[in-house]
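Undergrad: Chain by chain, the residues run as shown.
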Amino acid sequence: MKEITLTINDKQVKGKEGDTVLGVCQANGIDVPTLCHLDGLTDVGACRICVVDVEKERRPVPACAYPARDGLVVKTNTPKLEKYRRLLLELIFTERNHFCMFCEISGDCELQKLAYRYQMDNVRYPYTFPSKSVDSSNEYLAIDHNRCILCGRCVRACAEVAGINTLDFGKRGWKTMVAADITEPLGDSSCISCGACLQACPTGAIFCKQSIYKGRTADCQKISTVCPICGVGCELDVLVRDNNVVMIKAPKLTQTRGSLCKMGRFELLSQTSARVTSPLVRNKQGKLEECSMDTAIETIANKVREFKGSFGGVASTRVPEETLSQFNKMMHDAISTEYVDTLDGMSYRVISEGIKQFSNNGKKMDIESPVEEISEADCIVVVGADPLKTHPVVGSLIRKARSLKGAELIVIDSAKDPFATWSSLWLKPKAGSEGTLFNGLIKIMADKGLVSREKLSAELAKSLNKYDVDKVSKATGIGKEDLESAANQYGKAKHGVIIYGEGLLQKNDPKLVASLLTLASLTGDPSKDKLRVISLKPNSNSRGAWELGLAGKGLPQAKLKGLYVLLGDEQGSDEILSLIKGLDFVVVQAGYQSAVTAAADVVLPCPIWAEREGKFVSMDGRILKSRQVLQPKNGLLEDREIFAKLSKKLGKS
Amino acid sequence: MSFLDIDEAILEVAKLVEFSTSPITDFKEFTPVDVGIVEGAVCNTDNVEVLKKLRANCKILMVWGDCACFGGIMTMRNMIPLEDVLKRGYIEADSNAKGSAIPTDEELPRLLDKVKPVNEVVKVDCYVPGCPPNAKAILYALTELLAGRIPVLPSDMMKFD
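Residue numbers (the working numbering), protein chains in the order written: chain S, 1 to 653; chain B, 1001 to 1161.
By construction, these hints were calculated from the structure, which means they are not laboratory data.
It cannot be assumed that every hint is accurate.
To be verified - A short, non-exhaustive set of chain B residues, derived as facing chain S with CB atoms under 10 Å:
no., residue
1, Asn1119
2, Val1122
3, Met1157
4, Met1158
Beta carbons are placed, not taken as given, at the ideal position from N, Cα and C, and that holds for glycine.
Use the sequences and the hints to build the structure in full.
TA: Structure representation (structure tokens):
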């Protein structure tokens, strides 16, 4: 980009074309106060605190919204500007009810910091004392309109970070308020509780109910770690005080990978399930009772010996790679079994087999694209996935591509359209006709000349002959017009991205994955060695576990008598319950009490995400390091210590 | 209380100044002084009267605390109509005897419609905000005054809570 030279405060400084005056100032270490500006969000010049004098402009201009030009002469710190800034602050203070002594954010408040900076020891204008409401209808967030300065950072974060556009300004002029949807209570609105607005708010107007009054940032220790929930692998800044998590923030709100979602920001924070505090063993009366670790280990060892050859192990993929690898080692060496799987092992087998069927050149999951591709997309196809629920950050990226960049959004799902009003097209194939649909789309694209010749092998072209549009339409129950417009939208896209997930994987058919990969390989301009396909792997370390080979074969359920479930942070699902149902002996190693621990024969307490550290691999292959955030209770063994004890008991160490 | 927090420095201050009318001396009328000091927001007609008398009798008027500087916590009632505030206080509150009424005796000062910071009623010359005001800030302001300057708290001494 072209370099430009400006004169700021009588000094020559360099900037780039396209910068704002504020951007040039910040890049050159020139301090300009800001309030409504937040790095990465569109600037609107709402607060005017950053006003600067620009030569030939008749009045001061907001630096955040003024484009920098070559030769511009700027002054940022004249006494007159400082006077204006103080005046603006006083006006902001009179507009609502900004009283620090009972405000949660006091000490971390940007408005307060500016008032101190400008020595605002009094306000020269009459206060208005408007009677504003507090909206606490959302489970995690509350908005105190009394403390709102209408800077619009939350409104912009909602659109540009969360991509949901729930928040906007409602009413007019003097009565303007931040409003959710059409002035709904936040709890009844389309809000997805991602908390981007919370992190964007410079005052105490938006606060988290779980975090308030637990400590200011300065009282807390900040520890950077990784979200232990879904496969996106968001980085977290965890604020900790007295061995308690006070708040979870995104390291940078406006990074391309998206901010945090409800799960990472709030659900981790407000986890209230009871912990497993002691080893439990099922007694003769059939009740679980507390016992020593040695008794529990002894009981397991006896059963392992008894069920030799029919003992298996299954692990959650929300634990670090180290734990998984030690678990695998124990299962192989000490328990002497080949029956090891992950709780999400089926997804692995479908994805990897699909990739193999598509191309047998050993590419594996590297063939898929990183999550960031979504931001570049001009057409997104979501197949059998509900990213808004399972991988909300991906959901936000998709919505942003749609709302900010106008990308087409095609949903292929026989049951529901998770994007509802956002999608441009919803194809509902009849159950079992997905393969026909994918091949039908390829055929239409080929017929329309949307596929370049060299990509379409003769063999493939021949195999498509049977997918005549009318037949595909009949088989899938999707109208011809919809099929054609889907083929058009995706085929003409320069940057089409296909995202698939649980709904498709549950069909347990690798051929569907292979067809999707074929579809992706034919279009656009795929970067050299990757296809623009993203599979939504369920958990934070699914890929890590799969790459360790834990999910290679799956469990031979009929042969199993005993099972060791490394449940970790998970609290169990119907699938896990049905997996352990009917087994003679089940060990569950878990952090939290759940229906699964209640059904176990031996329960072993283990650390949770905050008490562990280790390596995670995100669904798109990023290697992440999680750090210990909290000290576990005295006496709680680490996972590896438990494995070591049992291994030793079984004669292997 | 915050004034007393300046600890032993109060002895030095006492040597240099003469305390005139104050809640401690219990004089009811003001005599002309150099510096008048006010804490608290302006809530009723009596506050206004006292404030105006003090202003007329002092060369420099200094206010201490968030209530005096900005209205502070007292202004919480400003968002509620005065009538409702009185009704809540004198009739609806559980601690009231049955049949109690809003006092109307002419001897009693009337509540203002809205609580105000001091500078909305009279001219103020210097401010020491804080809830409570910091003892260091108070001492700084007094020292400045004794040196013949009108104190303005530096940024690092500013504190609203």
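Undergrad: Hint by hint, note whether the structure agrees.
TA: Now for the hints, and whether the structure bears them out:
1. Interface restraint check for Asn1119(B): the shortest CB-CB distance to chain S comes to about 6 Å, inside 10 Å, so the restraint holds.
2. Checking Val1122(B) against chain S by beta carbon gives a least distance of about 13 Å; that is not within 10 Å, so the hint is violated.
3. This hint holds: Met1157(B) has a C-beta 9 Å from the nearest C-beta of chain S, less than the 10 Å allowed.
4. For Met1158(B), the interface hint holds, the least distance from its beta-carbon to any beta-carbon of chain S being 4 Å, beneath 10 Å.
Going down the numbered hints, you'll see the structure goes against just number 2.
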